[in-house]
Amino acid sequence: MSATDPSQAARSAPAHTAPPARALPGHGDSHRHVLVAIVLNKPGVLNRVASLMRARNFNIESLSVSHTDQPEVSRMTITLRGDDVAVEQAAKQLYRLIDVLKVQDVTDDPIVEHEIALIKIRADERHRGEVLTIAEMYKAKVVDLAAESLIVEATGTETEVDALIALLRGFGIKELVRSGTVVMSRGTGSIEEAVKR
Amino acid sequence: MGTREDDERATGAARHSRTAAAAPASTSEATARDRINHMPGAGTERADAISAGRHEMLTDTLRKQIKSLAERGLKRPRIGADALCEALLRQGVDVFFGFPGGVLLPLYDVLGDYPELRHILVRHEQGAAHAADGYARASGRVGVCLGTSGPGATNLVTGIGNAMLDSVPMVALTGNVVSSLLGKDAFQEIDITGITLPCTKHNYLVSNPDDIPRVIAEAFHIAATGRPGPVHVDMTKDALMGVCTAEHPETLDLPGFKPNFEGNFRQIKIAAQEIARAERPLILAGHGVLISDAMDELLALAEKAQIPVAHTLLGVGAMDETNPLELGWVGMHGWKHVNKAVQSADLLIALGMRFDDRVTGHVPTFAPYARIIHVDIDPAEIGKNVAVEVPIVGDVKRVLTALLPFVPEVEPGRRDAYLKELAEWRVESEKAPWHGSGSWRNGQLSADFVVAKIGEATNHDATIVADVGQNQMWTARYAGFRRPNSHISSGGLGTMGFGLPAAMGAAVGRPDKETWAIVGDGGLQMTSQELMTLVQDGIPVKIALLDNHKLGMIRQWQELVYAGNYHSSHLLGPDWVKLAEAYGLAAFIATTPGEVDTAIAAARAVDGPALVHFMIAEEQNVFPMMPAGKGLSDLLEEQFEEPKQ
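Chains as they are written, first to last, in this note's numbering: chain Z, 1 to 197; chain V, 1 to 645.
Just chain Z, same shape as in the assembly:
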């Protein structure tokens, strides 16, 4: 048996030269991922996706679903936190669903990313001007105005919307709704291309 034989090493080598521990998948640095899933527009498909993510212990941060240009196909944008291996595992698990046509992790791809938020703010005439200035700086629109409140409609990336909300919080947010992130790849390429029927 050669000197480099691993089993020989296992039995004779001192403890401090023991092999490094085998890495456990899914225990790396966790960060935000954006997955796009193209699915068949069948009853229960949202339930299947949500149920799978719950069962596999993935925590969805936002999920947005809508039709595509093809009536039988829907598109989901899922944001979640996890390490690369765990999110890849989530995507592979999604692939096991019969109604899922395609899953793509677009986190590191060139994409346009947007979400819409409606923010109802406590604002009478004393604060209205200030709110309007802040909204304008964030390219947000005022879509409803009442004596004591107004509704700001903001679009942008998740962080942009977060920043606007942080600024408006001081005035008193009465109600807040966010659509969840939707994304589209930049350039002529299409995520849906492979599944055009």
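These are computed hints drawn from the structure, not numbers from a lab.
Check before you lean on any hint, since a few could be wrong.
Capping the alpha-carbon separation at 25 Å, the derived lysine-lysine pairs in DSS-like fashion look like this [as the list claims (entries may be wrong)]:
| id | chain 1 | residue 1 | chain 2 | residue 2 |
| --- | --- | --- | --- | --- |
| 1 | Z | K42 | Z | K196 |
| 2 | Z | K42 | V | K184 |
| 3 | V | K258 | Z | K196 |
| 4 | V | K258 | Z | K42 |
Note that this is a predicted model, so its numbers are computed, not measured.
Since chain Z is already given, all that's left is putting chain V on it; use the hints.
This is chain V only, laid out in the frame that chain Z set:
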């Protein structure tokens, strides 16, 4: 190692989308045919007959044999239930296991018009699901079970989950209330598709009779193709009763279901290089080898490169245990020499297995010197539990076929020292826990001896179905398996009560083979009502009851891990001989080693089902044992000392 692109392709689904070349396998005619021929035990007469049957199923020959209602001389309209029966016949179903109920009555009303479909009436729906499971594993065909709405359906769930965890092709049919009552909490209504969603490969709710032909065809295709699994079809009563005019589909449209059968060519070449370099390679053969019928290819690879083969619990039988390269069973209660071999290997070739925690133990200490080649048809299994160096997504048989030409013939003598060392470890490890005299302590009957005697008596050719617990571990260790799919065990879910009903299904699926159920007294008391099914339907299962008046594995853990704090592990059973006789089974008893052979022979001589009550030692444990949270190097072994008292 390959390029990043290569890895991405082979790691499969998540990355597939990024490279055009990684599109899923083509669905041409040729692959469609091969896909259907996922037939365990290929080459045997029975398997050939099944293959021929399946082939016919796809041609007009069989379709012409499926008579229409008019040809059957019936004047009534064709309803959903007729379409279901026709669809089952078209899939080559000859038998299914079920239990009727209110919403299924339209189906049972027409069942008599289809005498080609044998319906076996079970005593509990869990038995139906396990029987379909055992049938599928023994025969390689899709097993079918049936339950009514509400409790009938929920009773099936354990068996469906069991099939899911062990990748068993099954179609579970349930009835549901009429569609107008769905969601109204009607009598015996439960959201069963919601319940089975996470424990099936796919499920359907059908409320239109015209959907039945398509859904059943899809269900069988999904259940049997790629990584097999259970598919559940829930049909409302009006779907079964309504007039059905839909034809059976010739082709299926499942754009989201395209398993990848062929392994990535470049990854396969890298795997061959790894094998050529390795000094201490070891194959880990799993259930996937049996499912993809890769036994010949496995043997060819092992012999060509002189690689010893270890197997998982569900991989038992992938290689004849008498082959010198067959090393044995790995894992928590596997052989010590096999676990040592894993811990000292420099290359693991994992084929159709999923690195279950019962195999790896504590992952950071698992196979510390080994690089890993992992072949599995399910991309989600790759890198799930253990990070691997060479991932290959594909069918084991096809990957091995492609791999073999690239694996160099091993130079004579290169493996001598390695194989000799393994052989030495083996002698020591096999001797230690074996009670060859048949006596454990103080002359008490030893379970390992009983199991080995059953293997011997049946010439290692019987289908042997284990229950769960100590009996399961003894069966896998000592019965001696030489025929693929002759060992059936509930691996993933570990379902007590599986043994008897699964053996019932196995006996129906492989009537040419003797079938034994090796069960404990705890598990048998969970599903013993199926004894009556054996008698009513004349299913010749021989039951070996290893009775220690204990939930043996619970007791073992309480002794070894919980400092002997025994709670609820002692249980009483009935007078088993009387019980069996009350059901109408022949029954025998053996309490000493000397009575074992006679009792087995007596049971085998019975034309029909029989039970042998083996009164085994109460406190015998299964050794070695890897304690939970520990690794394969931390095995507990039997201490040879008299029990305290």
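So, going through the hints one by one against the coordinates:
no.	hint	result
1	Z:K42 x Z:K196	holds, 17 Å
2	Z:K42 x V:K184	holds, 22 Å
3	V:K258 x Z:K196	holds, 16 Å
4	V:K258 x Z:K42	holds, 18 Å
Comparing the model with each numbered hint stated earlier shows that all of them hold.
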